[in-house]
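Fit chain Z to the supplied structure of chain P, relying on the hints for placement.
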Amino acid sequence: MLLAFTGEFDMKIINALITSVKIKLKEVEQITRIQKRVYYIMVECLEGILGSYETTAKANPKVNPFSIFTLSRDADYYYFISGNYVLNEYMDSQKMMIDKINALNAEGKRELFRQCMTDGKINNYSADLALVDIAIKSNNTLEYEFKKVDSNTSFYIFQVKIKVK
Amino acid sequence: MSPLLIESTDLTPKVIFNPEKKEFEISGESRPENVRKFYEPVMDWIDQYKSHLVSVKSADEKLIFKFKFDYFNSTSAKFLTSIMLKLDSIKKEVIPVEIEWYYDSPDIDMKVSGEEFSKMVSVPFHFFSVN
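Line by line, the protein sequences are chains P and Z. Its first residue numbered 1, the first sequence is counted upward by one per residue in the numbering used here. Its first residue numbered 166, the second sequence is counted upward by one per residue in the numbering used here.
Treat the hints as calculated values from the structure; they're not laboratory data. Ideal Cβ positions, reconstructed from N, Cα and C, are used throughout, including at glycine. Accuracy of the hints is not assured; some may be wrong.
What the hints assert, rightly or not - For lysine to any residue, the following SDA-like pairs were computed, each having C-alpha atoms within a straight-line distance of at most 25 Å:
no., chain 1, residue 1, chain 2, residue 2
1, Z, K257, P, K22
2, Z, K202, P, I13
3, Z, K202, P, D10
4, P, K165, Z, S294
5, P, K22, Z, P271
6, Z, K284, Z, I248
7, P, K12, Z, R201
8, P, K12, Z, S241
9, Z, K231, P, Y39
10, P, K22, Z, I248
11, P, K22, Z, K179
12, P, K22, Z, K284
Unchecked claim - So the derived list for chain Z, only partly shown, Cβ under 7 Å to chain P, looks like this:
no., residue
13, E205
14, N238
15, S239
16, S241
17, K243
18, P271
19, D272
20, D274
Bound-form chain Z, shown alone:
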């Protein structure tokens, strides 16, 4: 399946979804001018990837998705919730998934945001403080 690679901008995060390299990461700042327009392709890709995993009967042990945000606005948070729920459905129906949540060590709010997402899904979260 083709990877999804989106370069970051001042307003939008970097997205690296590369099944071949087993790299799944979203990082940077998220306050897109049109949040739906930015995140819909990301969510669509996850849906397609789930179908792909089912069709190839993947032998991978697990998938690890990494989130490394400097900031995201409340509207982005809603779309991130949808992403988390999609990863949860992959975990429940196809293959184990884990999430690595990174945050700057002084940024308690970012850590708490990760903790809030972790309560919404059954996907295991691992927290990493940076700096």
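Looking at chain P on its own, in the form it has when it is part of the complex:
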């Protein structure tokens, strides 16, 4: 396990986690290309947790801010797992987007990435763009699960992995 954090995320915490993993990666990963790829995906996942929470909190300020993130490794893969509370009304659109990305081949994902980049929507965070970027860089299926908490919220778990070599 390289990193595990549970609690309320903000930019200070995210930056501290990123710095900590950056240092650790240099110790445990000799291949620079993999170091960089782990870094890319980790940052997108962490920023995704914060972006998701902020979007949810705008619609429902009472949403539980508790989130989780883990980064681990075995002989074959690095595993990124994140979890946070989301509103049930956003579940379907999120599922649709991830399923759409997973159904695309490599060129299809790149084309979708280009579309997201040039759609004219300039926001501080774009979940769709981040998901496509993660999918391209991981070259793996994006896995997810929504665990229903109550009539308003579910706990959204997202997992992605990249090959060690």
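Just chain Z, lined up with the frame of chain P:
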């Protein structure tokens, strides 16, 4: 026209836009807390510079913009796309522009990112691997 000089931080890149020295470069890491707040002045400067070039009827042969990123997040990529499109409009309407895209030699993803930007615009890209 006044230059735009922004020092780098842990989260934001260095920006050197100096028309007098003909230095145009963005370098470092880009994952600002507020990406719009960081990049809007950069984009505004490019718009103003384009107007300036038109008004002075610049005799410069071409402009070279250098990008030397260690990392940029996906949201920064969107703003970089806007920057590329603005440079493209300068190239099409005012004066030739070329882009130099630098990347660490093991960082294939950064090279690919540059290649993706190059497909979006007509500005010629030149790629340089470092180390």
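Checklist entry - Which hints, by number, does the structure contradict? => result Of the numbered hints given earlier, those the structure breaks are 1, 10, 12, 13 and 16, listed in rising order.
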